[in-house]
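Protein chains in written order, with numbering that gives the first Met the number 0: chain A, 0 to 365; chain B, 0 to 365.
If you're looking for bench data, these hints aren't it; they were derived computationally from the structure. Glycine included, C-beta positions come from ideal geometry on N, C-alpha and C. Incorrect hints may appear among the rest.
To be verified - Quick partial rundown of chain A residues pointing at chain B, CB under 7 Å, derived from the structure:
1) Pro-20
2) Leu-26
3) Ala-38
4) Leu-39
5) Leu-43
6) Gly-45
7) Asp-49
8) Glu-172
9) His-174
10) Ile-175
11) Gly-206
12) Arg-311
13) Ala-327
There are 2 protein chains.
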Amino acid sequence: MTVGIVGAGQLGRMLALAGYPLGVDFLFLDPAARPPAAALAPHLHGSFSDRRLLGALARRSEVITFDWENVSVAALRALRQDVRICPPLAALAASQDRVSEKRLFERLQIPTTRWRAVGSRRQLERAVRDIGLPGVLKTRRLGYDGKGQAVLKSAADVAHAWRELGAATLLYEEHIAFTHEVSIIGARSSAGEVAVYPLGGNVHSQGILRLTRAPYGPSSWQQLAKRYLARVLEHFRYVGILAIEFFVQRGRLIANEMAPRVHNSGHWTIEGALTSQFENHLRAILGLPLGSTRALGYSAMVNLIGRMPPARELLAFQGLHLHDYAKAPRPGRKLGHCTFVARTRAERDRWARGLLAILAPNTRIP
Amino acid sequence: MTVGIVGAGQLGRMLALAGYPLGVDFLFLDPAARPPAAALAPHLHGSFSDRRLLGALARRSEVITFDWENVSVAALRALRQDVRICPPLAALAASQDRVSEKRLFERLQIPTTRWRAVGSRRQLERAVRDIGLPGVLKTRRLGYDGKGQAVLKSAADVAHAWRELGAATLLYEEHIAFTHEVSIIGARSSAGEVAVYPLGGNVHSQGILRLTRAPYGPSSWQQLAKRYLARVLEHFRYVGILAIEFFVQRGRLIANEMAPRVHNSGHWTIEGALTSQFENHLRAILGLPLGSTRALGYSAMVNLIGRMPPARELLAFQGLHLHDYAKAPRPGRKLGHCTFVARTRAERDRWARGLLAILAPNTRIP
């Protein structure tokens, strides 16, 4: 039984690590010469939209999934007659375009930011008038980790932001004065079974996820987030793991974006939940029963960004679980993460603050 | 950083699964065409004593270890000038010969069975007279999973056992009327740090491990086993994981055998301990700090032998962790295992009895 994965990054690597114990084999497609997952399984080396390689991937796999959402929906669609693809391509397409995503949230009555599509400088000025300042100008497509975004604080920022991003189609949305950022992650199986993880509380810095703590927040947030997630899962008759990120403002959850794949804010589940998001993604797409999403304690996951501290120093922290993605260091690049599972919320928070004080002393933790 | 592993069986496979998150790469040597670990890492295909392949393994690895103890000590010894080999070959040599192993236990004042070396039919008859009946005749070398053994209950069994095993050099030992079989597993690092896991209680059937439960038994057994293990670790200035199996008879621990490698009775540590035996073996041989061996609950590990039940059926048990070794089924062959981590001893024992009632209804569980 082979799972074909488009993209061989760290998410693919962790899918393989979770899948081998289930007796699954893997085949990756990735344009990089030595991507993180390629040490663990055979790797077709070429473009995500190379039809010949995609054809080979389809022939040699029972099911195809992706570890990266900026893959060509059209190229994958062409394979649908030959092989099953999970999650559904309609969900992938919606997540690739911020306007489709906003419309989806609105259609499913999931609160989201006020927004306007922006195709010209004039439309941008009108959007700023309608929505107000501060606001965020984002490319409709291909944004991730804070890339392709500009915050507009005053009218004077409009010209600069337009020069920066105006070449692409854009979306302007209100800037939410949030108190917390949270994300909900869950799986739906082909049989319609749904399993949702405890909510994670996220801390970003410079647009990149730095810290996730889970479980997080009051049960009212969990209930709300779970209800919204279930709506999206049902809408697409989804199969696999789906993540939605929210801003929290005065007890309201406001959807920011969704990801039709295993998600960085779910990495804590490897040690911190009874079944990891990676295993549940595979169980879902292979038609196996979903595993329990119960938290085993209070987890903190800290990303290792830009520079990899020596393993010797990290592993000297008792109880620290290291995940090195074997990537070349580069500023702003996610190179690994580490997780700690505490017995209490307070112990977890102390640990997270202690580690971040060393790794990224400027991070503000709520 | 590459770890070279002689043997690419399920132990090598689980070492690789534990090692990739540490940022380690692997290279295997194994005579099988498609051994369990070969899907996960490059594989040199050939005999365990092929000097050319061993040389290649040494050149391409920072350290060499083994997942199987019946490898040629002489062949490995020839590599020692080129590469570090852990655990020490002296420990490997002792574990390969039951007579050396018995002498080692005696020298370190670790209680073991009464025994005699047997090189002829006449020596066997004398050994039976000296040690008494019932007793066990074993080949000095190459025994595992109950292979190369015969139980002698009466004088009439002597002739038959001799016909069966007499071609090899042998050892005859008393048959211990034990109430429990337990094993202790621990790691020693090159810095001399020692980390020992909670004791496991083992149930064998037809010579093959069927069930391990850990933690197991009173703390007096744990203290005793830990003390004996530490003696062997210090004796060899050992680096890596070592396991010793004991019979328990009236509160005494009687050493049966040792294994200088990760051990089947330690598989529960993957989910049931803060750091798995596989990760601690790698930490030890890579000169990294050892991880905590604390148990996270009450674990049961059940081996899947001879026939692999469908994953769909196994995964329907909530909380069951499946480990499929991707091996072809064959009677008596270990094909995988599954682990359950309970909050109480009673819940754990209920689960183990329930699963074994389905998988191996004739197993007697103390």
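These are the hints, each one checked on the structure:
1. Pro-20: 5 Å, holds
2. Leu-26: Interface hint status for A:Leu-26: violated (11 Å vs cutoff 7 Å).
3. Ala-38: Cβ of A:Ala-38 sits 6 Å from chain B, so the hint holds.
4. Leu-39: Result: holds, 6 Å to nearest chain B Cβ.
5. Leu-43: Result: violated, 16 Å to nearest chain B Cβ.
6. Gly-45: This hint is violated: A:Gly-45 lies away from chain B, its Cβ roughly 21 Å from the closest one there, beyond 7 Å.
7. Asp-49: 24 Å, violated
8. Glu-172: This interface hint is violated because 37 Å lies over the 7 Å limit.
9. His-174: 37 Å, violated
10. Ile-175: 35 Å, violated
11. Gly-206: The hint is violated - A:Gly-206 has no Cβ within 7 Å of chain B, the shortest such distance being about 25 Å.
12. Arg-311: For A:Arg-311, the interface hint holds, since the closest Cβ of chain B sits about 6 Å away, which is under 7 Å.
13. Ala-327: 12 Å, violated
Violation of the numbered hints given earlier is confined to hints 2, 5, 6, 7, 8, 9, 10, 11 and 13; the remaining hints are satisfied by the structure.
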